[in-house]
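Asks: Protein chains in written order, with the numbering used here: chain E, 6 to 323; chain H, 14 to 251.
Hints may contain errors.
[Said to hold, decoys possible] Each computed BS3-like pair below joins lysine-lysine, with the alpha-carbon atoms no more than 27 Å apart:
id, chain 1, residue 1, chain 2, residue 2
1, H, K115, H, K142
2, H, K142, E, K191
3, H, K142, H, K171
4, H, K115, E, K191
5, H, K22, H, K171
6, H, K171, H, K115
No lab work stands behind these hints: they were computed from the structure.
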Amino acid sequence: MQDYEVFLQQLITGLSNGMIIALVALGYTMVYGIIELINFAHGDVFMLGAFLALTLLGALGMEAWPSHWQLAGVAIMLLASAGFCGCLNWSLDRVAYRPLRRASKLSLLVSAIGCSFICTNLGLFWGGMPMEVFAGGVAAAAPKDFPQLIPQFNILGESAIRIVPADVAVLVVTVPLMIALVYLVKRTRLGRAMRAVAQDATAAALMGIPVDRVIGITFFIGGALGGFASVVYALYNNTIGFQMGYRAGMDAFTAAVLGGIGSLPGAVLGGLTIGCVRAMSDQYVETRWTNTIVFGILILILIFRPSGLLGSTRREKV
Amino acid sequence: MTVPILEVKDVHAAYGPVEVLRGVSLSVEAGEIVALIGSNGAGKSTTLLAISQIITPRSGDVRFCGESMIGLRGDQVIARGLVQVPEGRRVFARMSVDENLKLGAYLRDDITAVADDLRHVHELFPVLKDRGGQLAGTLSGGEQQMLAIGRALMSRPKLLMMDEPSMGIAPLLVTRIFSAIRELNRGGLTVLLVEQNARGALGLSSRGYVIETGKVTIGGDAQDLLRDDRIRSAYLGD
Ligand SMILES: Nc1ncnc2c1ncn2[C@@H]1O[C@H](COP(=O)(O)OP(=O)(O)OP(=O)(O)O)[C@@H](O)[C@H]1O
Ligand SMILES: [Mg+2]
Numbered sequence: 006m007q008d009y010e011v012f013l014q015q016l017i018t019g020l021s022n023g024m025i026i027a028l029v030a031l032g033y034t035m036v037y038g039i040i041e042l043i044n045f046a047h048g049d050v051f052m053l054g055a056f057l058a059l060t061l062l063g064a065l066g067m068e069a070w071p072s073h074w075q076l077a078g079v080a081i082m083l084l085a086s087a088g089f090c091g092c093l094n095w096s097l098d099r100v101a102y103r104p105l106r107r108a109s110k111l112s113l114l115v116s117a118i119g120c121s122f123i124c125t126n127l128g129l130f131w132g133g134m135p136m137e138v139f140a141g142g143v144a145a146a147a148p149k150d151f152p153q154l155i156p157q158f159n160i161l162g163e164s165a166i167r168i169v170p171a172d173v174a175v176l177v178v179t180v181p182l183m184i185a186l187v188y189l190v191k192r193t194r195l196g197r198a199m200r201a202v203a204q205d206a207t208a209a210a211l212m213g214i215p216v217d218r219v220i221g222i223t224f225f226i227g228g229a230l231g232g233f234a235s236v237v238y239a240l241y242n243n244t245i246g247f248q249m250g251y252r253a254g255m256d257a258f259t260a261a262v263l264g265g266i267g268s269l270p271g272a273v274l275g276g277l278t279i280g281c282v283r284a285m286s287d288q289y290v291e292t293r294w295t296n297t298i299v300f301g302i303l304i305l306i307l308i309f310r311p312s313g314l315l316g317s318t319r320r321e322k323v
Numbered sequence: 014m015t016v017p018i019l020e021v022k023d024v025h026a027a028y029g030p031v032e033v034l035r036g037v038s039l040s041v042e043a044g045e046i047v048a049l050i051g052s053n054g055a056g057k058s059t060t061l062l063a064i065s066q067i068i069t070p071r072s073g074d075v076r077f078c079g080e081s082m083i084g085l086r087g088d089q090v091i092a093r094g095l096v097q098v099p100e101g102r103r104v105f106a107r108m109s110v111d112e113n114l115k116l117g118a119y120l121r122d123d124i125t126a127v128a129d130d131l132r133h134v135h136e137l138f139p140v141l142k143d144r145g146g147q148l149a150g151t152l153s154g155g156e157q158q159m160l161a162i163g164r165a166l167m168s169r170p171k172l173l174m175m176d177e178p179s180m181g182i183a184p185l186l187v188t189r190i191f192s193a194i195r196e197l198n199r200g201g202l203t204v205l206l207v208e209q210n211a212r213g214a215l216g217l218s219s220r221g222y223v224i225e226t227g228k229v230t231i232g233g234d235a236q237d238l239l240r241d242d243r244i245r246s247a248y249l250g251d
């Protein structure tokens, strides 16, 4: 493999991982945009989405399906996990955050950390259930293999650079979702209501916008994006575990801050940046330095641009 | 005797433990402009928020067109035509003027009537048409006030409550806004006008109320209030 081929290969890996991170980051940034809360449980909701997908996969016996049916299986898992994570995130808001709307931001944050622990433990419990697809008997905390439903061949044929169908699958899922999200936020009545609540919830209420319902829908959409991301993540990395929410959540949260929390394009840019920096650092430095490098870059960028790459520095005129 | 369009009966309301409204009663008849005046912190804005059910009254009743508003959600109150222009304008600064106006019509789906109302708002405040694509945060204070009023009109109110529309605005624009209020009233809109600018507000109104530390203490014909000695010394600076 030539040097430039190694570089391109890492770039492809970085961009694929980056798109997945970006999808999770959108969930953080949307919720932050509307109620200024870092929803720490978001990464764990993402993790539970992957567990649901694997459970479904096992329950329906998808591995034994003919290969063109497996594509339908992937679609089923995507929709099921998205719906599940959306509802779960909505429920967290309804039960743990909504009663604290008038409380201090700090109470809300503590509540979010609590939700994160609860969800992590749910994942641990789920992983310990006696299911065949978890390769029965393996400890609850052990990583689970996620079967390879997407064929493994090089789309580029004999080339030294590999682009596999999973890379394409990442794009096919993430890009349309991001376009749909931007359309929803910028062009629809619901999106206008979401932006209005984000800017001034009381004024929005005075326009007749049902503020709590709009916030709930925002949680649902953010969670659903995490659900889509969880299935793509599982198919791409072929292993899931109860701690993946922490790791992916950390990357995605960092991506959201890096891009400018509250900004949708910022979350995508941040995700791609972190994905690529990780891949390059793994290749050219050393894996054990990767976290240091990622957070070093985050701190550097925030020193020079405190509101992130695309975050708004403008303060509203009152 | 006519039934008032809005009737506020002995409303008490509090922020946490602090009781701010200690028995507010007032009424507005259809077609009137009624002024509610009072000094800083008297509870004027809180009264409007309690009427709109943004804060829930502890006790008392708010009746609009004969129906109690207590227990309704904010959007239900607005859907019935009881709408307010908030204190300090509160336009959505990072949205365009057009988007702000669209948000005013959030609860409506009678598209043709909404388009009519938009034309009407543009006639009333032509600047909102010229600046349609501009971010609301870049408008001047007076223009933002016009936008806030226009936005509220887009919900097609029966009764419009305005919280200090003259606050922090150049005198020329205050005149412009007061004459718009009069024009709207001639067109059939009922108005409850909260003001610290007592002279301007009473000059525009048929009746007025004075609120002091959470209680309505004086109420009556606007011309009588303008001649009342207590009001002249406390609110008109005579
Ligand atoms: N969100 C709040 N939390 C606690 N106290 C509040 C809150 N809003 C207002 N108050 C208090 O309630 C009282 C009445 O406030 P309100 O805003 O209704 O007065 P106002 O008559 O509108 O005054 P102004 O002319 O300055 O607008 C004041 O003492 C104020 O400090
Ligand atoms: Mg006030």
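Asks: Each hint should be assessed against the structure and marked as holding or not.
Replies: Status of the hints after comparison with the structure:
Between the alpha carbons of H/K115 and H/K142 the distance comes to roughly 13 Å, so the proposed pair stays at or under 27 Å and holds. Of the pairs offered as hints, the one joining H/K142 and E/K191 holds, with about 21 Å between alpha carbons and a cut-off of 27 Å not exceeded. Taken as a hint, the H/K142 and H/K171 pair is honoured in the structure, with Cα atoms around 24 Å apart against an allowance of 27 Å. Distance check on the hinted pair: H/K115 and E/K191 sit about 13 Å apart at the alpha-carbon level, within 27 Å; holds.
For a cut-off of 27 Å, the pair hint linking H/K22 to H/K171 stands: about 20 Å separates their Cα positions. The hinted pair formed by H/K171 and H/K115 meets the criterion: a straight-line CA distance of about 18 Å does not exceed 27 Å.
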